[in-house]
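**Student:** These are the residues of each chain, in order.
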Amino acid sequence: MLQNVNIDVHHLTRVEGHGNIVINVRDGTVETCEWQVPEAPRFFEAMVRGRHYSEVARVTSRICGICSVGHTLASVKATEAALGIEITPQTRKLRTILKHAENFDSHVLHVYILVAPDLLGAPSVFPLVATHGEVVARALRLKRLAHEWGSLIGGRTTHPTTVVPGGFAKLPTVKELAGMRERIAAAAPDLEATLETIAALAPGLPAFERPTEYMAVSCDEEYGLYDGYVQTILADGDRATYLVADYRTFTNEYVVPQSTAKYTKNRLDSYAAGALARFNVNYDQLHPEAKKAADALGLAPICTNPYMNSVAQVVEIVHSAYETLRLLDEVIAEGIAEEGIVQPTRFTGGASAVEVPRGILFHEYEYDNEGMCVKANCIIPTNQNHANIQGDFDALLPQLLASDRTEKEVELAFEMLVRAYDPCISCSTHCLDVTFAR
Amino acid sequence: MTKPTIAFFDFAGCEGCQIEFTNYGDAATLELLKHVELVEFREAMSETTDERIEIALVEGSFTRDADRSRLEEIRRRARIVIAYGACAATGGINALKNHQDDFQECVYGPDARMPHLQSGTARPISSVIRVDYEARGCPASKYELLDIISCLLHDTEPVVLSYPVCIECKRLETVCRYDEGDHCMGQVARAGCGAPCPADGIPCEACRGFVDDPNIRALEKVLVERAGFSQRRAVGKSRMFTANLRS
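Chains A and B, in that order, give the protein sequences.
Per our numbering: the first sequence = residues 444 to 881.
Per our numbering: the second sequence = residues 93 to 339.
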């Protein structure tokens with residue numbers, strides 16, 4: 444058993460943003476075991492004050508380059524709630540397709556480029572070009588497909604252009620949508636190959652169980668992503684549901700000294716957001732092809748191994764592809780109507796929740812009578828995972844110390860744990876605590 | 093022959109410009125990797141290097157003194173430094189807070205004075221180190237980046253356009269946002285992006301910064317007279333991505 448451990452991972456690699464892992468064990472006693480977030484804070488909620496409702500989403504999109512589609516959607520949805528805007532069914536459907544594109548895109552990046560190297564014993568994807576060329580080419584092909592799929596609806600995938608409060612500033616044509624449908628359908632062999640690759644690699648993920656509370660957007664009609672209420676599930680299957688507008692009562696943000704990002708908690712000391720949380724909460728509504736994929740990958744709800752988040756992402760990759768095919772068939776059959784932008788009917792406050800790749804995201808705004816933003820609040824998924832990551836750290840270290848592992852192996856297990864959450868740290872470090880006067 | 097080396101570094105930003113680098117697809121990416129070697133890219137790889145770097149792509153703004161030595165170290169290690177994206181080139185969206193004096197209290201409330209939450213003015217990286225080239229925009233255009241890298245590999249100078257985005261809209265025959273009842277900053281915004289935003293039905297917000305010697309007073313006047321903005325909103329608008337480029 445290891446008696447002395449000294450791990451200091453400064454600016455962990457292959458994650459979005461900056462985080463540190465600091466572990467010190469002396470003579471078998473744990474002195475420090477911390478997940479630290481030193482990312483430079485950026486103060487978006489302050490910066491959107493005084494900005495017109497039509498441009499707020501284009502500011503808050505810049506919170507995160509990887510989930511900028513999700514931030515844009517959360518932002519326009521909160522603004523629409525605040526301004527009494529009811530979007531059309533066509534807008535909702537196209538936005539859902541765009542949301543699927545982002546989750547597919549980000550999951551491909553995470554699973555193939557950020558996680559797979561750990562399981563193949565490589566420091567990054569680039570040395571794998573020589574040894575696993577076809578896998579790397581497939582990853583880049585799927586990434587590009589998602590980029591074009593999202594760009595067709597959103598204008599582009601990094602900071603989308605066409606998504607505005609009330610609808611779309613520009614709509615794709617039926618011909619373009621039909622072309623994209625064929626391309627997504629043609630990716631089926633790449634999806635099959637993805638399942639084979641991950642099924643072969645997943646046994647390399649550490650066996651570590653720590654039950655927690657899992658939180659996700661839920662929706663009666665479909666696997667919750669774009670819209671709905673909030674649901675949490677505990678490891679014993681006990682569920683609780685909440686209204687999005689009450690999000691402060693079940694996120695409970697607080698500041699800790701080792702992090703520029705705030706922490707959150709609800710029914711337990713921490714909760715998890717992300718693909719595994721969605722899978723645990725909304726498994727029944729997965730597309731049949733995605734359920735088959737879960738079976739093939741040995742993933743079943745309620746899964747309490749945080750490392751399996753990456754496997755849940757693969758299940759969601761399959762779900763998003765097949766759900767998008769279904770939605771595209773509907774849109775193509777219905778045709779695209781030039782509907783115009785729905786205009787505000789009032790100027791008040793409103794909140795929203797969207798599932799971005801890394802979990803549940805909340806935005807809330809309040810507007811004055813000129814449509815200028817006076818207050819904003821964003822609670823980001825990684826923010827909600829920081830406390831859970833720390834909880835995992837505390838449980839994982841004694842297990843690893845008791846096992847027959849070297850310090851390097853312990854370090855890798857911790858790095859892989861953080862990576863499994865797919866943290867999006869630059870997002871998470873600007874969350875505030877204003878009191879909304881109602 | 094050894095390939096020229098490229099390294100990515102990030103400061104205060106969203107890392108979206110780095111993500112754009114993963115969107116070229118299999119054929120283009122694998123071709124690019126035949127000509128350059130990626131040696132450091134924290135967001136995507138664990139490898140680091142002690143060797144001298146040919147091209148350093150630096151994303152994000154300089155916002156706190158703690159980051160000064162990291163920037164200076166990058167400058168020492170790299171032959172060419174490229175400010176990659178609006179945040180690095182001009183301060184970008186981060187600079188919106190530069191005109192506020194209560195942003196910390198607004199976001200962190202009573203905890204705002206905790207030392208690790210301190211953040212100063214958001215500045216371009218050129219406020220700390222010499223920058224050789226800029227890939228502007230939010231996000232930086234992935235094709236413009238390829239152009240710059242290609243020029244450097246062929247030992248030619250990348251062209252920096254100094255005309256406004258309006259010219260690109262005219263070339264594309266995009267209807268002017270003002271004629272659609274909207275507003276726009278394309279008159280004074282630096283071209284080079286291909287004007288995707290007006291073509292997608294939204295105003296240009298000058299994410300690539302201004303042309304040389306922009307007439308900001310005239311921009312405000314047009315925003316007031318043609319778009320019906322209040323003077324206050326016109327000034328606020330003209331700072332969207334360009335707060336460091338005007339008073």
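Treat the hints with care, since some could be wrong.
Sample of chain A residues at the chain B side, in silico, Cβ under 8 angstroms [what the hints assert, rightly or not]:
1) Glu459
2) Asn463
3) Ala489
4) Ser567
Derived list of chain A stretches under chain B, where covered just means 3 residues or more per stretch with a C-beta under 8 angstroms from a C-beta of chain B [what the hints assert, rightly or not]:
5) 538-545
6) 767-773
Read the hints as simulated data drawn from the structure, not as lab findings.
Note that the structure is a prediction, hence the values are computed from the model and not measured.
Heads up, the beta-carbon is just placed ideally off N, CA and C, and yes, glycines get one too.
**Student:** Which numbered hints turn out to be false for this structure?
**Tutor:** 2, 5, 6
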